[in-house]
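**Q** The primary structure of each chain is shown beneath.
Protein chains: 2
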Amino acid sequence: MSRAAHQWSDIVRARRIGIDTYREPVIFLAQSSPVCRSEGWESQARVDVSHEGRSIAATLSVVTDSLLELDEAGLSDAAWKLLGVHEGDMIRLSHAAPVESLRFVRAKVYGGSVPASGLEAIVRDIVDGRYSDIELAAFITAFAGPHADGAEALALTRAMIDTGERLYWGKPTIVDKHCVGGLPGNRTSLIVVPIVAACGLTIPKTSSRAITSPAGTADAMETVAPIELSLDDMRRVVEREGGCIVWGGAVKLAPADDIIISVERPLDFDSVTQLVASVLAKKAAAGSTHVVIDVPVGPTAKVRTSEAAAALEGTMTHVAQHIGLSIRVSRTDGSQPVGRGIGPALEARDALAVLRNAANAPADLRDRALALAGIAIEMGGAAPAGAGCARARELLASGAALAKFEAICAAQGGMREPPVAPLTDTIQATHAGTIAAIDNRRLARAAKLAGAPRAPSAGVELHAPIGTRVERGQPLFTLHAETPGELDYARRYLRVNPHILDLEER
Amino acid sequence: MSRAAHQWSDIVRARRIGIDTYREPVIFLAQSSPVCRSEGWESQARVDVSHEGRSIAATLSVVTDSLLELDEAGLSDAAWKLLGVHEGDMIRLSHAAPVESLRFVRAKVYGGSVPASGLEAIVRDIVDGRYSDIELAAFITAFAGPHADGAEALALTRAMIDTGERLYWGKPTIVDKHCVGGLPGNRTSLIVVPIVAACGLTIPKTSSRAITSPAGTADAMETVAPIELSLDDMRRVVEREGGCIVWGGAVKLAPADDIIISVERPLDFDSVTQLVASVLAKKAAAGSTHVVIDVPVGPTAKVRTSEAAAALEGTMTHVAQHIGLSIRVSRTDGSQPVGRGIGPALEARDALAVLRNAANAPADLRDRALALAGIAIEMGGAAPAGAGCARARELLASGAALAKFEAICAAQGGMREPPVAPLTDTIQATHAGTIAAIDNRRLARAAKLAGAPRAPSAGVELHAPIGTRVERGQPLFTLHAETPGELDYARRYLRVNPHILDLEER
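Chains as they are written, first to last, in numbering that gives the first Met the number 0: chain A, 0 to 505; chain B, 0 to 505.
Wrong hints could be hidden among the right ones.
Said to hold, decoys possible - Below, computed lysine to any residue pairings styled on SDA-like, alpha-carbon distance capped at 25 Å: (1) K301/A - L101/B; (2) K301/B - G117/A; (3) K301/B - S112/A; (4) K301/A - A95/B; (5) K80/A - D19/B; (6) K301/A - S112/B; (7) K80/A - K301/A; (8) K251/A - E41/B; (9) K80/B - K251/A; (10) K301/B - G110/A; (11) K301/B - E99/A; (12) K80/A - S229/A; (13) K301/B - H94/A; (14) K301/B - T477/A; (15) K80/B - S65/A; (16) K301/A - R36/B; (17) K301/A - V98/B; (18) K80/B - D70/A; (19) K80/A - R36/B; (20) K301/B - L101/A; (21) K80/A - H430/B; (22) K80/A - D64/B; (23) K301/B - R45/A; (24) K80/A - G110/A; (25) K301/B - V98/A; (26) K301/A - W168/B; (27) K301/A - K301/B; (28) K251/A - A352/A.
Rather than coming from a laboratory, the hints here were simulated on the basis of the structure.
Sequences are here, hints too, so could you generate the full structure?
**A** And the structure:
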C-alpha cells in the first residue's frame, strides 16, 4: 500500500461485539461515527480492515449509536479471529478494493470457459476472505451443474491444493479413504483406518465435524480420543502407528473448500466440479497417493442414480490422474442408515462393537467397512487383487484391528469409552407390522433435538431397520439425551411427527 | 398452520436491536437462550418469525448472552419493519420451511429451462421475503448472462407485475420514459415529463433514489418538490396535470425488482433477462402503454457495444409485445456525463436551466431531453412521425414546459428552488492543455465524499467537459459541500487522486 493510500483511511478502536455471523466477517459501525459519515458508508458496503500488516475484507452493518462508541468498530467473531486482534487494538478501515477475480466468475456466467489462472485467482481471493457470501454464492452457482468441464475441475482442484498446507510423508504409498457423504451412521472410517494401518500401510485420515447432520466422523471419534491435533502431533501419531483419525479443521488443508462448503451447503446444489475438487484437493494436500472413495447411491443420498455416479466417477478419475492420485470408486447402497446409532457416542459404540467382534455388532456397518478396507489394502499393495477383503476380515477377527485402534487412540492422547446418556426414552410399536420405510431426515432431526452433536451421548438408537417385523409394544427406537429439557424437546417433536418409521400393518 | 405445528414453536419477546442489515431480515438470539439450545439452532439457520398472522423468514445470528435477555429475540431493522412489530410484542419462532421454488433455480443451474409457473413461484417467494441473500445471488447468477431466453424473460416480467400493485388510468394511452442507467447527470426526466404533459399526454413517472451513485432522479426532483407521494396522491397529481415525477419506492410497483437489485448490484452482472424484466415490469405495473427507453451506449456505460444494445432491444421488444406494451428504444451517447452538475441540487439546477431557456443551460442535456420527448410525443399520437422533436422544442421555447413543471411541483406539494451549498472549493488547471478524458467513477466518488446524495446541495460541478482547452489557473470543477468536514474529506480524496480530469499538455 502506498503512503498516499495510507493517508486515505480511518483508524478506530476494535471491539469484539459478540455476534456470530458464521463464516462471513462483519464489521459494525455506529451510524453517527465520523468514519461512516465521511466515507458515506452504508450497510452492505465492503470494508478493508487492517491491523499490523494483516488485512481482511468485511461486510458493514450500521448500528444505532447506543450500541457502539463513535470511535470504535465492532467485529463479528469471524472477523475478530481472522484479523487476530485484541480488545482495544487500533484498526485501520478503508474501502475494499473491487475483487478482481470476479471477472472470471462473470466470464463463466456469460458462457465463456475460465482458464486455470482464473480459477487460481478466484480460489486465492476466497482463501484471503475477499469474497462476500453473495459473491461466493455466485461463484458456486456459476460453476455448478451436473456436467463438469474436466479442465476446470482439474484447475479448481490444483488451486485448492496450492492455497493451503500440504503434507509430505517421505513414503511412496499413502493410503486414504473418503465417503462423499449423505448417509447417517456411515462411520466406517473408525474401522477402516485401524485395519489398513494394522496391515502395515500408512493412512493419515482427516475427517470433519457435523455441519447439518447429528454427527460427523470427527464428532464420533472425539467420544473415544482427542481429535484436535496440530500438524506436528498428527505427524507423530502417523509415524508411530501408521494411521490417525483427526479433525481436518485443525490442520489447514485446502482451506478454500471449507469456505465454499459454508455457502454451498445451504444452497444444496449438486455440483460435480466442486465435489470432485473438494474430495481430491483435501486428499492430495494430505499427501495421499491411493484413495478409495465410497459413493453411496440412493434416492435420498447425495448421488441418486447410477448415471450420476458414473459421471462423478469419470470426472474424478480424470482429475485424479492429472494430479498423480490413484483412486478407486466403490458404489455402495445409499438407501438407509448404516448401523444403529445416530449421534457421536452412539455411532462410536457401533464402530467399537465391530472392532471388538461383539455378537450384536451391526453387520451392515462391518461389511461396508471390510469391503472398503479390502480395496484400500489392495491399492496399497498389501494384498493381491481380490484378496484384500479377506485380509481385512482376518485383521478384524484376530483383534489386530482393535489393538491398532487402541494404539492410535493412545497416541492421539488417550482412549476412553464413549459416554452413555443418562436419560433415555424408548418409542414402541403401537401395533404389529413391518417397517416399510424410514424418514431419515426426521430421524436425524429428532437426534439433533435430543442434543446431538453438541451433547456427545445424545441421539437416536434405531432398533428396527427396514424390513423388521415387530409386535405391538416392541421397541422401535430409543431417544438418548443429557438433559431432561432436551429429551422433552425431542419427545414433543415425535408427538407432532408420529410416522418417522412407516409401520405397515400385516 | 395446523394446531400441531403451533405447539411446535417458541414464543419470545421482540426487541429492535438497532442493527441495519440492509435488505436481509436477521434475527439475533443469545447463545444460551432456551430456544437456541433446544432447537439446536446455529448462526446462518433460517428461522420463520411470525406475529399476528404475519410471517417472515429471517437468518439467525447467535450473540453472546450479554447482548440480549435469554427470552428475547433481537430483530434487525429490515426484520422489524417487515414483521411490523412493536417493542415487547411476543413473536413465534420456528424452523423455516425449505424454499420450494429453489428447485427451479437448481433446474436452471443444471441446464434445464424453467416454466412460467416456476418463475412465478420464485418471484412470489422473493416478494414474501423467503429468499436469503445467498439464495437471491444463486437465482440472479443462474438467470444472468447476455443471451436471454425470450420465454423466461417474459415469464419473469409477468411474475414481477403480478406480485405488486398495478395502476389503471382509464385512458387508452399512457406514455412513459425510462433510462437503463449508468450515466451521471442524465436527468432528462425532469424535462421530458413536463414537455410531454404540456402536450396533453399522460405521463405518470416513477423514479428511483441513488443506490450507489451521487444522485437518482428522485433525489434531484426532491430538491424542488416533495416526491414521497401515496398512490392516491400520485393519481390526483396525474389526473390534474397529466404527469408527475415521484419516488417509486413509495408506491409498491413490482417490488420483487427492488429486492433482486439489492443483491444484483453488488455482483455487477449484466443480465439481459433481468434488465428487461426490471424495466418493463415497472412500466406495465405503472399502467403505461407507450414507453421510450433511453439506452446510453459507451465503454463505461451499462450497455457497452452496439451488439449488446441490439440484443437488449430484441428481447425487450419481444417481451413488450406480449405484455401489450409499445416501446421505442433510443440509443444515445454514453461516453461522458450529461450536463454539468453531479449531485441532487446541482443536477436539478441543470434541468431548471434548460426548462427556463437560460443562456448557460447545458446543451447536451437539452438536446437529449428534446429527442426523447419527441419520440414520446409521437408514440402518444400528439405529433406525426418525424415532427415530435420540433413540437417538443416549441413547448420548451414557449415556456409551456416550464409552466407545466411548476404546476406539477405545486400539485406534488409545492415548488422550491434547489438549495445552494454554503461551501465550495474550485479546482484549477495546474497547466494549460486539453481535457482528454474524465474518470467518471472517481468524479462521482468525490461528489459522494462531499456529501451527495444525503446532503442535497453537495456534489461536483464540472466546468470543463472532454475537449475543452484550458489555460493554467482556469477552473476545472468545483466541490460543493454543506459541512467543512465533508468538504475537507473530498479535498483529501482529490489530493491522493489528482488526475480525475486527464489534462493533456499542448
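**Q** Please go over all the hints and tell whether each is borne out by the structure.
**A** Status of the hints after comparison with the structure:
1. For a cut-off of 25 Å, the pair hint linking K301/A to L101/B stands: about 17 Å separates their Cα positions.
2. Between K301/B and G117/A the CA atoms are separated by roughly 24 Å; this keeps the pair inside 25 Å, and the hint holds.
3. This hinted pair checks out: K301/B and S112/A have alpha carbons roughly 23 Å apart, not beyond 25 Å.
4. With a CA separation close to 22 Å, the supplied pair K301/A and A95/B stays within the 25 Å bound.
5. Among the hinted pairs, K80/A with D19/B is consistent with the structure: their alpha-carbon atoms are about 23 Å apart, no more than 25 Å.
6. Our distance criterion of 25 Å between C-alpha atoms is met by K301/A and S112/B, whose separation comes to about 23 Å.
7. Distance restraint check for K80/A and K301/A: the Cα-Cα separation of roughly 32 Å exceeds the 25 Å cut-off, and the hinted pair is therefore not satisfied.
8. For the hint linking K251/A to E41/B, the alpha-carbon distance of about 23 Å falls within 25 Å, and the restraint holds.
9. The straight-line distance between the Cα atoms of K80/B and K251/A is roughly 42 Å, outside the 25 Å bound, and the hint therefore fails.
10. For the hint linking K301/B to G110/A, the alpha-carbon distance of about 19 Å falls within 25 Å, and the restraint holds.
11. At most 25 Å may separate the alpha-carbon atoms for a hinted pair to count; K301/B and E99/A meet this at roughly 18 Å.
12. With a C-alpha separation of about 18 Å, the suggested pair K80/A and S229/A falls inside the 25 Å cut-off, and the hint holds.
13. Straight-line distance between C-alpha atoms of K301/B and H94/A comes to about 23 Å, which keeps the hinted pair within the 25 Å bound.
14. Distance check on the hinted pair: K301/B and T477/A sit about 61 Å apart at the alpha-carbon level, beyond 25 Å; violated.
15. Restraint check: the Cα-Cα separation between K80/B and S65/A comes to about 20 Å, which is no more than 25 Å; the hinted pair holds.
16. The suggested pairing of K301/A with R36/B is violated, with an alpha-carbon distance near 28 Å, which exceeds 25 Å.
17. Between K301/A and V98/B the alpha-carbon distance is near 19 Å, which keeps this suggested pair within the 25 Å criterion.
18. Restraint check for K80/B and D70/A: not satisfied, since their Cα atoms lie roughly 28 Å apart, outside the 25 Å limit.
19. A C-alpha spacing of about 24 Å is found between K80/A and R36/B, which places the hinted pair at or below 25 Å, so the restraint holds.
20. Our distance criterion of 25 Å between C-alpha atoms is met by K301/B and L101/A, whose separation comes to about 17 Å.
21. The suggested pairing of K80/A with H430/B is violated, with an alpha-carbon distance near 50 Å, which exceeds 25 Å.
22. The hinted pair formed by K80/A and D64/B meets the criterion: a straight-line CA distance of about 19 Å does not exceed 25 Å.
23. For a cut-off of 25 Å, the pair hint linking K301/B to R45/A stands: about 22 Å separates their Cα positions.
24. About 38 Å separates the Cα atoms of K80/A and G110/A, which puts this hinted pair outside 25 Å; it is violated.
25. Only pairs whose Cα atoms come within 25 Å are accepted, and K301/B paired with V98/A is accepted, the gap being roughly 19 Å.
26. Note on K301/A and W168/B: the hinted pairing is violated, with a Cα-Cα distance of about 53 Å set against a maximum of 25 Å.
27. Among the hinted pairs, K301/A with K301/B is inconsistent with the structure: their alpha-carbon atoms are about 41 Å apart, more than 25 Å.
28. Distance hint between K251/A and A352/A is unfulfilled; the C-alpha atoms sit about 32 Å from each other, more than 25 Å.
The structure does not agree with the numbered hints 7, 9, 14, 16, 18, 21, 24, 26, 27 and 28 stated previously, though it agrees with the rest.
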